[in-house]
Amino acid sequence: MNGWLGRLFHKRRTEKRLDAELRFHLEQKVRDYLAAGFSSEEARRRANLAFGGLEQVKQDCRDARVENHVQDFLRDLQYAFRGLAKDRRFALVAIFALALGIGATTVMFSVLYAVVVDPFPYRDFQHSVVLEMWDLTGPREAEARFHYTIPEFVAIRDQNHVFEDIVGDYQSDVLYRDGKGTRRFLGCYTTPNDFGSGVPPLLGRSFGPDDGKPGTPFVFMMNYKLWQTEFGGDPAVLGRTFFLNGKPRTLIGIMPQRFNGCGSSLWLPTDLSPGADGTVFPVKDPDVIWACARLKKGVSLETAAADVDGILHRMAQANPGELYPQHFKIVLRTLLDFVVGDFSKTLYALLAAVTMLLLIACGNVANLLLARATVREREIAVRASLGASRGRLIRQLLVEGLLLAGGACCAGCLLAYFGVKGLVAIIPRGPNADLFHGRIPEEAVISLKPGVLLFAVAIAGLTTLICGLAPALHAVRGNLELRMFGSGKGAGGGFRHGKLRSGLVIAEVALSIVLLTGSGLMVRSFFALTHVELDFNPAHMLYAWVSTTEHGPYETAVKKKLFYEQVLQRVKALPGVINATTSLSMPPLGGNGSEITVLGKPSSQHWSSGIDLCGKAYFQVLGLRLVRGRLLSETDIDSARQVAVVNEAFVRAYFGSANPLGQKIKFNDFDQLPETPHDAYFEIIGVIADFKNQGLLEPPRPEAFLPHSITGFGGRNILAATAVDAKSVLAAVQREIWTVDSTAAVTQSGSMEDFLAEFAYTKPQFGLITTSVFAGIGLALVLVGIFSVMAYTVALQAHELGIRLALGAQRRDVLAMVLSHGLRLISAGILIGVLASLGLTRFLASQLQGVSATDPLTFCGVALVFLAVGLAACFLPARRASQCDPLVALHYE
Amino acid sequence: MEQGKAEVLKGTLDMLILKVVALGPIHGYAISQRIQQISKDLFQVPEGSLYPALHRLEDRGWLQAKWEETETGRDAKFYSLTRAGKKRLSAELVNWERLSEAMALILSAAE
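Residue numbers (my numbering), protein chains in the order written: chain Y, 361 to 1253; chain S, 211 to 321.
Think of the hints as simulated: they come from the structure by calculation, not from any bench. Every residue gets a Cβ at the ideal spot worked out from N, C-alpha and C, and that includes glycine. Check before you lean on any hint, since a few could be wrong.
Simulated pairs of lysine-lysine, DSS-like, Cα-Cα distance not exceeding 30 Å [said to hold, decoys possible]: (1) Y/371 / S/276; (2) Y/418 / S/250; (3) Y/919 / Y/1026.
Now the in silico label distances, taken between C-beta atoms and shown as ranges [said to hold, decoys possible]: (4) Y/662 / S/270: 46 to 56 Å; (5) Y/429 / S/304: 27 to 37 Å; (6) Y/445 / S/306: 31 to 41 Å; (7) S/249 / Y/383: 22 to 32 Å; (8) S/278 / Y/429: 26 to 36 Å; (9) S/270 / Y/452: 18 to 28 Å; (10) S/278 / Y/811: 33 to 43 Å; (11) Y/438 / S/278: 32 to 42 Å; (12) Y/560 / S/270: 20 to 30 Å; (13) S/270 / Y/438: 53 to 63 Å; (14) S/306 / Y/429: 27 to 37 Å.
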């Protein structure tokens, strides 16, 4: 290598040596001829003849050497650079178009890289699985259970043959008294084995095998965020003792920023033996344990599932009960699949979208290069006749493409840098908890990593080939020398010889139509979703979940009722609050439910109903409409009467057209709960209109509304209707609660509208924003594409148009001629695009709500938008054509 | 081309050059002479192919070149084989043997 580099920099010496070598040969040859008896003149002539063109031999020798190719390449680069600098507008448009394509692709690739390749910091996360129990009895398929009881978990842990390790944990509020009041953090009790899955603690130590066993000191660990926000990142908190849930615990370690196991702020070790960790469950063995296991090497998901399935079926036989559906099976999913779920479909759809965008950009640039190459036909012909080989010419045109792609790659990476920042702000992410699945893992870090940048460079290289090669081959086709004699401007060549160009425009329009249709459907779907009739009014509503220490002073129904009555009284008295009530659920999501029995109406089927525990103002706060009977009265609540208001869905499901008023229902689950009426029948006193109570998309389910005073079980949600911005009274509500009892904590609070936005709208909004941006870019690129091609065609046709005008054609005719040419291209593109969209949008169907994947309105709208945009892009060049001066046009020749 | 003389078989020029150079350092003109001699004037190596081939072989690292004086006292470029060139030559020879064996088989079978 030393050799060719040396030769590259000592070009003159190399040339001299080549010359000397060949000259030596020639002279030897002459000498031989002289020796053979020829005259010196004849000897020289024969030698030269045998050599056949010294220059050609020299050139062939040069071509045989690497450094000369490098040199040619540098020269081509220089030439291309000069050419582009001369035609700056063309270069900028091309680079901008490509940069948009490369940037968008790089952004999407960053996301996929973060989600698929590097989503979790855990060791071997590909082998981490979660266990789901699918109910096969119910009419709706796959109603899954994700949580297990302690005995179930212990059985799986001890009896399985397929897991290397299995971690069980359950989330629990951790109430923390800091002197001023009580605050609540999301805590997670976890078995101490393999805590962190290979992520070492940032400070202190991780849990050891003995932590959490009865009789060992109480310890806990903290996440990075809480450490920063609450303790200012002070390392001195390590080793301090905190009062958590009323018990002293020592902080032994802080986990790094990129670790968010269970989405919790605090982790507490437990060996799951009763009382070991200081928590007692209100019911015996609730199914609260979330199990995450790591598969042994070489064990498939199916094998492992079958193993666990056997264990749980044996348990179901030994303890028949409500815990187990009649028919069920265990399904294992990888942690990644569980967390990301359906959202990966969105991501792949978006990747397809950016690929289309990149293709559009490539089409655009190819078209621009093609146009340039055609204008330069004569130049190319001259170079060919001067001895440039076809390969040389193609390479030269490719170098031009490479230069553009290089520029676009830099600009694209810059765009991607900002794009990634913007995207990170809107992408729905959540902790690895079941409420949040279908999002990207919270621990996935989306950024421009080296791998991603390498990808961008590869994309740029690919685009060079795509955009550069076709025009290059196109430019050097046919007999190059012949073209010298034709008009270099290719008189009239525009319309007739532009098949490739027209094809590219049509393809661009078609691709862009697909993009725009997809995004149009997303817009319609999002509109439908945000306009779902909730049948209650979420505006100006505040919610605040209250948690009281489970075994504190409110264990009886009476005490609990008194506490909440006091809190409600104070909240209602706050300025800006109109009315307030308790509830057991978040109204649009619903909450707990129970199996029910209707008195005198035995049923073999499982009848169930949602339950809400209401204060006096429940119906007013939510704005619910009474259909028949009456609402819960003050006396009903004060004296905890066993009465119920039900919704229309309840009546439809269990009474049909019969009169439900006066019927009596029993909530079977109440029999398991402490401080709750056992074996009690509630009389139905009223029916209210349905409202959304199991998410925005599902139809309302049967629900019963009971006086909150009947039970001492469970935490409560406080709902308040406000006259002002709900968030402005949050702090005051918190204060009032602490005034009543400083050990009570507000766990989650905010305005109902924010809650809806977070839970229901984030994901569709992400799809909406990204596809709209991509479709917008696509549309802009197509606009530029059509414009440049039409402008170029008109320029090529100046000669023909000039003659037409000189022969008396009307300007109107010329305008119509150019426009109709453009229109033909655009309509062909629209037709193909619409047909392609009809085939492709069904892949979007799973992400669309309230609108069909072949929504005619969207399709028509998109086609019209394109027609308008396309005509606008044609109009300027067409007008220029019609206004050209025939004399000037003819002068070009 | 004169009657009765053939151009070197396609694809064998590299092998011939390597073989000739393997005998000892030699300059371009002598290579063409030597090939012609050994083949009893059957093969002619046109200069237009010889020099590009020499430069290509040098570029690949199979030949190395040195400027030295000839017996007549003139400076000429002498080529010699590198270690990689020796390897290359033996590989080409093995290849050629297999090829000619196969050719012989086919031709004798066709008789």
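Item to check | Enumerated hints in conflict with the structure, sorted upward | outcome: 6, 9, 10, 12, 13
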